[in-house]
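Chains as they are written, first to last, in the working numbering: chain A, 1 to 699; chain B, 1 to 699.
Everything labelled a hint here was simulated from the structure, so no lab data went into it. Hints are not guaranteed to be accurate.
No copy labels: a pair is met if it fits in one copy or bridges any two.
Claimed, not checked - In the DSSO-like style, the derived pairs of lysine-lysine whose C-alpha atoms are separated by at most 27 Å in a straight line are: (1) Lys127 x Lys349; (2) Lys655 x Lys356; (3) Lys202 x Lys649; (4) Lys127 x Lys83.
There are 2 protein chains.
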Amino acid sequence: MGNDLTFFQVVSIVISALAFVTAFWLYRWVSSQPSSNKKIAEVGKLIQNGANTFLAKEYKTLVRFCSVVALLILVFLPSPIWKGNIVDNISMVASYILGTVLSAIAGKIGISIATIANMKSAEAATKGIKPSFMAGYRGGAVMGMAVVGSSLLGVTLVLMLTGNTTVLLGFSFGASSLALFAKAGGGIFTKTADVSADLAGKVELGIPEDDPRNPAVIADNVGDNVGDVAGMGADLFDSNVASMAAALVMAASLSNSEKNMGMVLCYAAIGLLASIIGVFTANMKEGADPTRALNMNTYVTTAIYGVLTAVATYIFDFNWRIWGASAIGLIVGVIIGIATDYFTNDNKKPVKMVAKACESGPAFTITSGVSYGLVSTLPAMIGIGVSALAAYKLVAPLGAGGNEVAYGMYGISMAAVGMLSIVGMIISNDAYGPIVDNARGLVEMGDLGDKALEITDSLDSAGNTVKAITKGFSIGAAGLTVIALLGAFITEVNDAIVALGLNVEKVTGFDVTNPTVFFGLLVGAAIPPVFSAMLMLGVDRNAQRMIAEIHRQFREIAGLKEGKEGVKPEYDKCIEIATVGALKELIPAGLMAIISTLLVGLIGGVHAVGGFITGNIVSGLIFALFMSNSGGLWDNTKKYIEAGNHGGKNSKAHKAGVVGDTVGDPFKDTAGPSINTQITVVSLVASIAATLFLTISIF
Amino acid sequence: MGNDLTFFQVVSIVISALAFVTAFWLYRWVSSQPSSNKKIAEVGKLIQNGANTFLAKEYKTLVRFCSVVALLILVFLPSPIWKGNIVDNISMVASYILGTVLSAIAGKIGISIATIANMKSAEAATKGIKPSFMAGYRGGAVMGMAVVGSSLLGVTLVLMLTGNTTVLLGFSFGASSLALFAKAGGGIFTKTADVSADLAGKVELGIPEDDPRNPAVIADNVGDNVGDVAGMGADLFDSNVASMAAALVMAASLSNSEKNMGMVLCYAAIGLLASIIGVFTANMKEGADPTRALNMNTYVTTAIYGVLTAVATYIFDFNWRIWGASAIGLIVGVIIGIATDYFTNDNKKPVKMVAKACESGPAFTITSGVSYGLVSTLPAMIGIGVSALAAYKLVAPLGAGGNEVAYGMYGISMAAVGMLSIVGMIISNDAYGPIVDNARGLVEMGDLGDKALEITDSLDSAGNTVKAITKGFSIGAAGLTVIALLGAFITEVNDAIVALGLNVEKVTGFDVTNPTVFFGLLVGAAIPPVFSAMLMLGVDRNAQRMIAEIHRQFREIAGLKEGKEGVKPEYDKCIEIATVGALKELIPAGLMAIISTLLVGLIGGVHAVGGFITGNIVSGLIFALFMSNSGGLWDNTKKYIEAGNHGGKNSKAHKAGVVGDTVGDPFKDTAGPSINTQITVVSLVASIAATLFLTISIF
């Protein structure tokens, strides 16, 4: 096979290019769909501009934030500039910046297509469910292809240019930095707008949802795009890069490193290829069930991946045990998805029980929703635990004779790669949701008729159902990835010990009965709850600012409240407030996580950090699952009641259901999904600062 | 000194006896206080009977439950009867039963005095704040003395009779079994009654709180006693025994074991002595602040303990490092208490912010309360982590030359003993709360006038404030105790390996990069959320049954709704339902925790169990802190609004505050405080089943 690694690097680049071509083709296809309705075009344009305003502002803040981080990296990482090799520091900075830039570009592409596809999907709904579905789905797929293509390309390029896996972690950290802004910032933005529009419009003034008189209404629609499309894309870009980076770090530390690194790239490339094929086979017949169409796609892609990796394993003589680990990851991902679905699907017991509790008032809606959310953590935690254990045990024997641990950890990282292999498909499905959600709103605002509304309604509902499965997937994958990053941390520490010629024992693991580890464990476990609380309190504060602005506009703009012809609210001001506030509220939370990692490391050294990462993973997974699932459950409970159960709309149960949904919104769209990113950020900061902890720690 | 251990065993017994004498004297003193009001006597009698009904039923169920457990212990523990020594199994069973019986007796005494002291305190309120305070406080102190006296006595007796510290863990497991019933069962009972009385009475019928027409009103008052007095007592009996048992197990494994074991008993006895002195110096002047009086007491007892242990350390030539570890525990306990106070005190920012959020409706009450509750976990987690680390580092050098770990863990267990040393004082303060709360209700029902109401109001409010500090103490102590129990588990495993002559490596710790440990860690972390969810769902289900019964009584008992002279509701039926339901709902949750421990151990062996306990501790502490503090915060927010802020009673903010309080009730009174017990139960089950896991595990 000659040089395995170079061959697979070339393959990765070719398949990434193929993904870009696909994205370009899909972009053109979606753009070429007919659009003629003026009102839709007008509102659509407002949403587009709003989303661009947010992105521009966000990227501007990011440039400042990342410049500071880049400077710190240049001086301190991987080792202080006065102690290490300056070339390493420059590579690390360059790679960090590349990570942020590639993710930013993918986000920009995604937002750009999403704000076109929503209009196309809305208009196509007048012709039937198939064209409307295809416009929404292919719009989402542009995002999927862009994200996965650029993440694979970036990882491969950094590896080819530097040949240094530590630098790869810098790239991954760049992706995480962006994800923190995109996901947590977008999450605060979207909930600020949502909550303010509801409170100041629907509740106080009694005007309907999506009423154009409401100054926050465009911000609300923009929120769906920046939170759900761009945020989710950046989040999965981050997870995908992190899983590949962790696997490559582990692979590089093994004896036959080139072959194993090649295998990582090969599997990742096959996952992307399978997703491309999946995107093109995605189809639905007129009158068919869109949920089925979306899920079918996931299963088809999964099957293609399984077969192609098996073929590749045979051809390139990879080890079947590693193939098995990756297959375990993928299968467990599907299982976690199904479990998540149980707790949030309105056909299942939990939603029905919570809906019934709504009859007794909001307090019972909350306690029962919290309870089911807490229970929902168990299957996923067992799933992640079992897959990590199985992947480890399967691959560890390859390192017989002293390298079992390294091989075992590599096995876990390959399970994560397996779980994330079909990430292209997952993003496509996930981005489809907010696009058709927006399309539904446009159909309403553009008066396209009841049939079109019915069609977009069913497309929207399918998006919500599918979301549960993809969300389970991404939390599961994040779980495995961060376990692999824990392994990467140990590798980094030991490499640094050798490089620095330190006279300390190599780290072989983190023993919880070591009180330094236990101390880190307890503190690390407290970070995700504090981080999510800071984001939720940020939403509350930001919403108060925005509500004050809505009040001001209604007071000062003559004729606005009455809906006088030609009088329009200043939508921009609300978008501005949501944007500025989101970034302002997010930074303290992000810094808290990063600084506490550094503090624990500088005080307690690498063992405290090992405990810290572990505690962070464990409690982070629990809170991510709890908050996402409770939130999803309350959302569907409200919809279930609105569908006519327990008294239907405006009943007492419905009012309680609305309270549940409002509590669930920041749970599932702000705090819950940002925790993933927080865990990754913490793990990466720890890894790239490993040398620092070894050289300047107090104990 | 001759035989150190025997000497301190005798000292412990003498001081335990002194505690019983004190309890008896206080019981007599409280009983001899004047009582003449007939209405108070009548209602007081109903509450007394109700509480006794609950206890009788609970103990009956316990006898069945414990018989099964005892039988299982007899057959399987510490090792299967066909493999080990039958005498060990019989000692273990006997010790288990003694643990349940002693705790049950202490609970019975506590309930019995609490239901007398509430009447005395109510009546004394007509004479002034001092006599009313003294009746309430001394009533609580009876419970404090009974609990601490019997726990110290029990531990000492078991140790003297068997000389076997493993058997001591059986005693501790007995105490935990009872605590599980008393705390979780009592918690479900009290919230069932509370919620049902409110919903079916206040909300549906619009009759006032504590209206005697409401069939659930007595059950509600009984709930305060069985949940807060008996439950809390059993909980701290359990923690206290567990901390002593863990410390004794660790001490027994050290080289100079007798001296170190003696030191454990000596410190525990001094703690009890300090509490006795504290109880007698407790006093307040007419017109003084009861909160100050209660807190003063805590500080005085703490100081006495510090001085006396220093004197003892000097006289008996104990090691000063160990004294230091115990002092660290005590100081950190006070710090955690102060931090807890910050998050729940209505003079501080969190309560004020949540009260402000109430103006925007219930959803914001919930999200902000959840957020502050989540933030509140950080200081306590850091406090527990730092004290464990400091105690370990301080004591570990004593084992220089290979025994650092054992000494370090012993240091942690002594920090727990230090934190729990003043538990007698804590229970006294804690039991004071529900007594004066009940007294307040009796003053209202007995029409004792506004001045008496004002007095009991201020006493009640002091009880709530002090509760925050004692609660912080008990969670902190539980945290350190379970860390020590993790050490005890390792000791048990290694003892069993030697005893069975197994050809396996001794356990030196639990490395999280071992996937078996990590698997246990993830599953163990999911148990506390699931456990608390099961209890909360149990409250919901039980409340539905009770509401149906209230509806039935109003429908079937003629004249009840109208308040016809001589027509009384069937209070007993409601008490019966709350009791039966509480026990029924509790058992699955308790079994879930126990069975999952056994399953993980039987599947994954001792390493999986080590991870399981660790995950359980970490997530258990987070959820216990979060739920207790959010609940306390909502409670005080409601009271703060009722005091006239943000619109006062019946304002929009107040309605939202009531929703928060109703959500907080099961958080703080059912789920949160039961998690402590759940963690202890899991740790003890693991320890006493260690031999089993070594002999019959799959991997």
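Results for each hint:
1. In this assembly of identical chains, Lys127 and Lys349 lie within 27 Å of each other by CA distance neither inside one copy nor across copies; the values are 36 Å within and 57 Å between.
2. For the identical chains of this complex, Lys655 and Lys356 are neighbours both inside a copy (13 Å) and across copies (21 Å), given an alpha-carbon limit of 27 Å.
3. For the identical chains of this complex, Lys202 and Lys649 are neighbours both inside a copy (14 Å) and across copies (26 Å), given an alpha-carbon limit of 27 Å.
4. In this assembly of identical chains, the alpha carbons of Lys127 and Lys83 never lie at most 27 Å apart, being 67 Å within a copy and 77 Å across copies at closest.
Of the numbered hints stated above, those contradicted by the structure are hints 1 and 4, listed in ascending order.
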